[in-house]
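Quick mapping for you: the protein sequence lines, in order, are chains A and B.
Position in the first sequence counted from 1, then plus 20, gives you our numbering.
Position in the second sequence counted from 1, then plus 11, gives you our numbering.
Hints were generated in silico from the structure; no laboratory data involved.
Computed from a predicted model, the values in this text were never measured in an experiment.
It is possible that some hints are incorrect.
[Unchecked claim] If we take Cβ atoms under 7 Å as the criterion, some of the chain B residues that face chain A in the derived model are:
#1 390
#2 392
#3 668
#4 671
#5 675
#6 681
#7 715
#8 716
[Stated by the list, open to error] Listing some non-contacts, in silico: residues in chain A with all C-beta distances to chain B over 10 Å:
#9 70
#10 111
#11 118
#12 135
Beta carbons are placed, not taken as given, at the ideal position from N, Cα and C, and that holds for glycine.
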Amino acid sequence: MSDPSASAYIVGGFRDQSEGAWRWTHEHPVLQFYVPRVPRLRFLMDLTFPDQTFAQTGPVELTIRLNGREFDRVRYVKPGSQEYTKETPWEWLHPDAVNTVALEPDKTAAGPDGERLGFVLTRAGFVE
Amino acid sequence: MQVAAILFGAVFTVATATALGTLLLGKACGDWPVRFVLGSGALSFLVFLLAASGLVYPAAFAILGVAAIVASQPWNRWRDGPGVRCWPKPSARNILLFVIFLVYFYIYFLRALAPEVSPDGATYHLGLTARYLREHGFHTITWNLYASLSQGMEMLFLFAFAFGRHSAAALVHLAFLVALVWQMGIWGVRHGMAWVGVCGAALVALSPMVGVDASSAYNDVALAAVAFTLFCLLEHWAEEGTARLLPAIGVLAGFGYALKYTGWVAVAYAIGFVAWKSRRARAVAVVAACAFLLVAPWLVKNWMWMHNPLAPFFNSYFPNPYVTIDFEEDYKSYFRMYDLASRWQIPLAATVRGTLGGVLGPVFMLAPLGLAALRKPLGRQLWLAALVFGANYFSNIGARFLIPPLPFVALAMAMALTTLPGMALAVVVLHAVLCWPAVVGKLVPAGSWRLTLTPWRDAFHLRDPGRYYKNHLALYPAVELIERATPPGSTVFTFKAIPDAYTSRRILVDYESAANQVAARIFQSAAIGTDLPNGRLRFAFPSRKLRAIRVNQTASGTDVWSINELRIFSSGHELPREAAWRLTAHPYPWSIQDAFDNSPVTFWRSGEAIHPGMFVQVDFGGMRQADQVVLEGPTDQYGIRLELEGETGDGMWQRLADRPMVSDGAPYLGFRRAAAEEMKRRGIDYILSFQDEVWSEDIRRNRDLWGVTAVGAAGGATLYRLP
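Extracted from the complex, chain A is given alone in its bound form (with noise of 0.2 Å):
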C-alpha cells in the first residue's frame, strides 16, 4: 500500500486516502490484478485487526472471492496483525487479464463520522 500507485489495485471499499504503508477497509472492499499467465500463484496478503475495532466486532470471518468465486473463508479470533497466502487455482484465474478480489469481513466496526471499519490492509497480491 506504500506504492504511490496502489489506487491503481482498488476498485472500492477502501479509505480513500492512503495513511501511508497501510489502508483501512470498509465493508466490500475489492482489488483488481493483472496476472500474466504463470502457474502455481499464491494470494497473499497482511492485514491486521486493530484491537479499537476488534473489541468491537469480536472474531471476524473474511470471505475471500476471486472473479466472484469463494476462495476461501477464514475466521480471525484474535486481534493483530495477519499474514494471509494460499494457492490459487489456476482455472479461477484469467491468465493475461485483470481479475478481482473481493474480502468481505462478516462484521465492521464504527468508525468516526459513522464509516464502517473492516480490517487494515498492508499488502495483497499474487506471488509465484
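Keeping the supplied structure of chain A fixed, place chain B upon it in accordance with the hints.
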C-alpha cells in the same frame, strides 16, 4: 597408442622449441636448457601467429616443427657435444641426490603422463587450448576473462595438444622443470660451486608446490625457468659481452610477459640490467625491441577484442563492457589476502600449512638463512633477482606465485648451508622426506592442491581414464553429463568452474565476464530473490516541457548503483519510449538500454562503487511534457544519493528534484519465466545447477514456473534446458 601420441606431442614440442632456440643462439650458447627455454618463446610466438591467421592445424604444426628441427642441424650439435663439460664428479652424496632426483621425477612424469586433472589445467589452460584447436585459431572470447591473460604457455600447449592432447601439454610444462634444474646445476658448475647448484636445484625440484605445478598444464614453473635462464643469459652476456645474446635476452624477457602477466618484471629486469652494465642505448634498444616483439601480440589481441590491452586488469584506465571495475577490485582484493587474517601468516601458510593453494615445503622456513649469501657478490645477485621476480607476489599470495623467485632463494640458501659441512646434504635429505606425497598429505588440509602418487596403469592410460577423472576431478561427471545431454554448439551456464577442457560446449561461468555476472544476477534474483526490482525511487516535479532528463548520483561509498527500469511520466501516463530517445550513462554506458526495455529482469549497473559524477541521461530528441521520473531497482541501495535535472531546450540544465521519494512496488509475476527467457535471449541454452548451491532447490521445485526441462543429472548436478 595413446601414450605414444602423448609422448610424441610432448617430445616434438620440446624438440621444435630446442631447434628454434638453437637457430636463435647459434654458437653463442650451447646449453640445452637455454636453447629450449629461449626456443619456447620463439615457438610460442610462431604459434600465436598461426592462431591469429586461423592456421591451427596439426599439419601446420608438423611442417613448422620439422622445418625448425632440420634447419637447426641437430646432427652438428650432437657432434659438438654439450655446452658445459665439467659435470659434478661422481661421489656418494652426488649419487644419493641423483637417485632422489630420479625418484621424484619419475613421480612427476607419471602424474604428467596421466590424464590431466589439475584445477586450472583442466579448466581454462587446456579448455581454451582445446577451443583454439577446434576453431583453428583465435576467435573473440569475451565470456571468459582467462582468455584475455597472456597465453604464451597455452601456445606451447596448443602445439603439443594438437598431437597428444591434454597430457602432452602437461609434459611440456614438466620439461621446463627439467630445464630449470639442469640450468641451476650448470650455474653452480660455472661458478665453481657445483654442490651449491645441485642442492639448490634439489630444494626447488622436490618442493611439493613445484612438483604438482610442473606436472600439470600450468605456467608457473615455466616462468621460473624463464626467469632463471634470463638471469644466466644476462650473466653470460655481462661476462663475455656477446652482442649476439642481446636479441635472445629480449626474446626471453618478452616471453616472461607472454607466459604470465606477472612475468612483466622479466622485461624490466633485462632492460635494467643491460642498461646498467652496458650504458649503451643501442644495446637497451635491441633488448627492448625483441621483448616488445613477444609482448605486443598479447597487447594488440586484447586491444582489438577487449578494448583493453591489459585485460582483464586496469579496467579503470581502459573501460570496457567485458570486465567491470567492481569485479576487478573484488577479484584482486581476494587474491591479495586469500583467507588469511594477516600477511604475517604467509610464511607458515606457504611452506607448511598449504592454505595458500599448495605447500612449498617446511624446509623453506629456513629461507632467511640464505641472507648469509649477501656477503658475496653472487649472493647479492641472487637476492636481487629473487626480489625482482617476487615483486608481484603480494598481488596474489598463492604459494605457486612464489615459484618464479624460488630458484634464486634456493641457491642463496644452498650457498649459506654449504658453508657448514654436511648441512646442505642433511637439509636436502630432510626436504626429500618432508616432501614425499604421503608426508605432505599429513601436513596440509584436505582440498589443498598437492601431489599424490599416480598408479602407473593410470599414467600409461591402461585403465579407463573415466575412472581416474572421477576420482581426481570432482566436477568431471557434470562435464560428461553436458557432453551426453546437449547437442554440439550448446552454451551452458554454471556457477562452478567445471573442467571444460573435456567438453566442446561453450561453458559460461558466473564470474568470468561482466555478461556472465549479469546472467548470474538475473538467475539469482529469480531463484532466491536477491536484487529484486521492488524498490521505487520517484522524482515528482511541476509539469514542464523538457528536452532531456538526467539522474545524477552524488554520494561516495561501496554500493553499486543499479536501475532495472527508468520510466518518465506526464499526468500519470508513462511517456512511450521512442526510437529518437538517446540514452547515455556514466560509467558503464554499454547496458543502459536494459533500463528502458520494459523487462523487470534486466538492468543497468554502474559496474563500480558509487562516486559523484555518475549519471543516467535520456535525451528525448525533442521537447516532451513530463512531471515524474520513476526508477525501479533493488531496495538495498542504501548508499546512493540521487537528484534529477532537466534540460529545458535552451541547453541549460536545471535541478528538477533534490531527492526521490522511496517506496516499494508490487512484485513482478512470472519473474522466473522472464529470467529464463532473458538468459535464453542472451545465448544460454542450459543451466547446470549443483545440489549444494542455494538456488538449486528453487529451480528443482519450480521447473514449471521457470519453464525449464531437466535433461539429466550426474555427480550432484542437474542440467536444465531453458525454454
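Each hint, compared with the structure:
| no. | hint | verdict |
| --- | --- | --- |
| 1 | 390 | violated, 69 Å |
| 2 | 392 | violated, 68 Å |
| 3 | 668 | violated, 14 Å |
| 4 | 671 | violated, 11 Å |
| 5 | 675 | holds, 5 Å |
| 6 | 681 | holds, 4 Å |
| 7 | 715 | holds, 5 Å |
| 8 | 716 | holds, 6 Å |
| 9 | 70 | holds, 22 Å |
| 10 | 111 | holds, 15 Å |
| 11 | 118 | holds, 13 Å |
| 12 | 135 | holds, 26 Å |
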